[in-house]
Amino acid sequence: MSANPEKVETENVNTNASVDSAMDVFHNRAHFWGRTTLWVLIVMCLVPPLYVSFVLDAHPGWDLIGVGLIGYASFIGIMWVLEPVTYYPTLGIAGTYLAFLTGNIANLCLPSSASAQKAVGAEVGTRKAEVAGTFGIAMASLVNTVIILLTILGGTYILSMLPAAVEGVFDFILPAIFGAVLGQFAYKTPQYGVLAIVIAMVVLFSPVFEAIQIAACVALTITAVLFMEKQKNKSAETKN
Amino acid sequence: MGDVIEVANSAPFWIFAFIIIGIVIFQAIIFLRIAKKSAPDVGMTQRDERIAMRTGLITAIGPSVAVAIVIISLITILGSPITLMRIGIIGSAATESGAAQVGANAFGTELGGDDFPIEALATVVWTMFLGGMGWLIVVALFTKQLGKTQKKIEKNNPKIMSSVTLAAMLGAFGFLVSDEMIISINHTIAGIVAVGSMIGFMIIADKLDIAWIKEWSLGFSMVIGMTVAHLTTMF
Numbered sequence: 076m077s078a079n080p081e082k083v084e085t086e087n088v089n090t091n092a093s094v095d096s097a098m099d100v101f102h103n104r105a106h107f108w109g110r111t112t113l114w115v116l117i118v119m120c121l122v123p124p125l126y127v128s129f130v131l132d133a134h135p136g137w138d139l140i141g142v143g144l145i146g147y148a149s150f151i152g153i154m155w156v157l158e159p160v161t162y163y164p165t166l167g168i169a170g171t172y173l174a175f176l177t178g179n180i181a182n183l184c185l186p187s188s189a190s191a192q193k194a195v196g197a198e199v200g201t202r203k204a205e206v207a208g209t210f211g212i213a214m215a216s217l218v219n220t221v222i223i224l225l226t227i228l229g230g231t232y233i234l235s236m237l238p239a240a241v242e243g244v245f246d247f248i249l250p251a252i253f254g255a256v257l258g259q260f261a262y263k264t265p266q267y268g269v270l271a272i273v274i275a276m277v278v279l280f281s282p283v284f285e286a287i288q289i290a291a292c293v294a295l296t297i298t299a300v301l302f303m304e305k306q307k308n309k310s311a312e313t314k315n
Numbered sequence: 005m006g007d008v009i010e011v012a013n014s015a016p017f018w019i020f021a022f023i024i025i026g027i028v029i030f031q032a033i034i035f036l037r038i039a040k041k042s043a044p045d046v047g048m049t050q051r052d053e054r055i056a057m058r059t060g061l062i063t064a065i066g067p068s069v070a071v072a073i074v075i076i077s078l079i080t081i082l083g084s085p086i087t088l089m090r091i092g093i094i095g096s097a098a099t100e101s102g103a104a105q106v107g108a109n110a111f112g113t114e115l116g117g118d119d120f121p122i123e124a125l126a127t128v129v130w131t132m133f134l135g136g137m138g139w140l141i142v143v144a145l146f147t148k149q150l151g152k153t154q155k156k157i158e159k160n161n162p163k164i165m166s167s168v169t170l171a172a173m174l175g176a177f178g179f180l181v182s183d184e185m186i187i188s189i190n191h192t193i194a195g196i197v198a199v200g201s202m203i204g205f206m207i208i209a210d211k212l213d214i215a216w217i218k219e220w221s222l223g224f225s226m227v228i229g230m231t232v233a234h235l236t237t238m239f
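Protein sequence lines correspond, in order, to chains A and B. Counting in the numbering used here, the first sequence runs from 76 upward without gaps. Counting in the numbering used here, the second sequence runs from 5 upward without gaps.
Heads up, none of these hints are tricks.
In silico DSSO-like cross-links for lysine-lysine, where the CA-CA straight-line distance does not exceed 27 Å:
#1 B:211 / A:307
#2 B:148 / B:40
#3 B:211 / A:263
#4 B:163 / A:263
#5 B:148 / B:163
#6 B:163 / B:211
#7 B:40 / A:203
#8 B:156 / A:309
#9 B:41 / A:203
#10 A:263 / A:305
#11 B:163 / A:309
#12 B:163 / A:305
#13 B:156 / A:305
#14 A:203 / B:148
#15 B:41 / A:193
#16 A:193 / A:203
#17 A:307 / B:156
#18 B:218 / A:263
#19 A:193 / B:40
#20 A:193 / B:218
#21 A:193 / B:211
#22 A:307 / B:163
#23 B:148 / B:41
Since the hints were made in silico from the structure, they are not lab data.
Please work from the sequences and hints to get the whole structure.
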């Protein structure tokens with residue numbers, strides 16, 4: 076063991092410059108292929124909606140699409156920017172391209188990257204960790220895709236086999252999934268969860284134009300939560 | 005919704021789905037090759053490569069299987085190929101079901117409702133695919149600059165950013181669940197039981213420090229909420 080640190084040190088001194096240029100090559104390749112695959116996917120994401128609108132001749136009108144997109148962007152739009160910024164330092168360049176194409180970043184890609192790094196004894200932030208993490212995330216992406224594919228194919232079959240008595244359960248998918256997601260965000264501060272539901276009920280039963288209801292709820296909840304956080308900070312300060 | 009589900013399950017959608025899934029698989033393989041080429045330069049042996057890949061694979065199994073319940077439920081409202089396309093790439097089961105409902109609302113109908121023409125499906129599909137593109141475009145355009153942006157946001161009070169994000173999600177899903185809960189007393193029960201179960205699971209996972217409970221909590225809470233609500237319809 077005593078010889079090890081010395082050995083590592085001399086190795087580092089000798090090869091730093093070449094490792095740097097090797098990492099530049101790695102990053103350049105990652106940028107090239109990451110961007111290429113993302114742009115191809117972006118173009119491909121336009122195909123299904125264009126197909127429904129103009130091949131099946133069921134275009135709903137750009138105004139309705141705009142209403143849908145603005146409603147969704149009112150709460151997801153901030154994630155488009157914030158998630159890449161938040162996860163990029165941990166994922167690295169290659170990991171960012173992989174994770175944001177395949178999805179499931181926090182629950183799948185980050186743990187797979189971290190465990191792959193740990194398994195080969197790479198310390199966080201090193202070049203070795205970046206490459207080891209890339210192996211981990213790429214494998215996670217493959218595993219995830221295969222399992223989703225099997226679930227979809229198997230799930231279609233399972234659903235066709237379900238007895239009618241059980242099918243009634245699926246009438247309640249939407250309140251159950253939306254409720255579960257709300258619980259996920261509310262469990263640390265349940266009072267904010269209650270607040271969100273109260274705001275939503277007020278908006279639903281007041282004459283707010285239906286298309287902007289969700290955006291109104293998001294705006295009101297942000298305002299209320301920021302106000303409550305400020306009050307909390309103030310009372311904490313006066314205590315001190 | 006019968007006719008529309010048939011359209012959503014038709015061959016062209018399956019072809020689009022397999023192309024999109026193909027892109028994901030292609031990218032993963034390309035990045036494995038890039039990493040393999042650079043591995044010796046950063047001091048990774050071939051054994052290290054195998055260990056890193058195997059560890060990534062094993063770690064991914066749990067979280068991937070955990071979304072299975074949610075995926076099967078989404079099939080019943082969106083059809084198989086659309087579910088495959090949306091869950092196979094960025095965008096989680098939770099955000100996509102939100103997007104679908106927002107799209108349906110924009111058309112003036114509800115997901116799974118009886119009055120659900122193809123134009124409503126079109127609005128849903130546009131909302132989900134354009135909405136999911138946000139991440140892809142930001143990452144494709146700005147990954148080269150991300151390092152700098154992060155420092156800037158950190159300087160501008162990171163706590164406010166996380167509060168705003170949390171509040172935005174609470175506001176959106178608070179609305180989505182409330183909008184469902186006002187349909188019937190059974191829907192109200194489904195929503196409340198799901199919120200309660202999720203909070204329960206998260207608290208247990210934190211207290212006992214068991215990570216896999218968090219992975220399964222969405223699926224479990226959904227099933228509990230759905231089942232309890234369904235049982236209450238029988239009385």
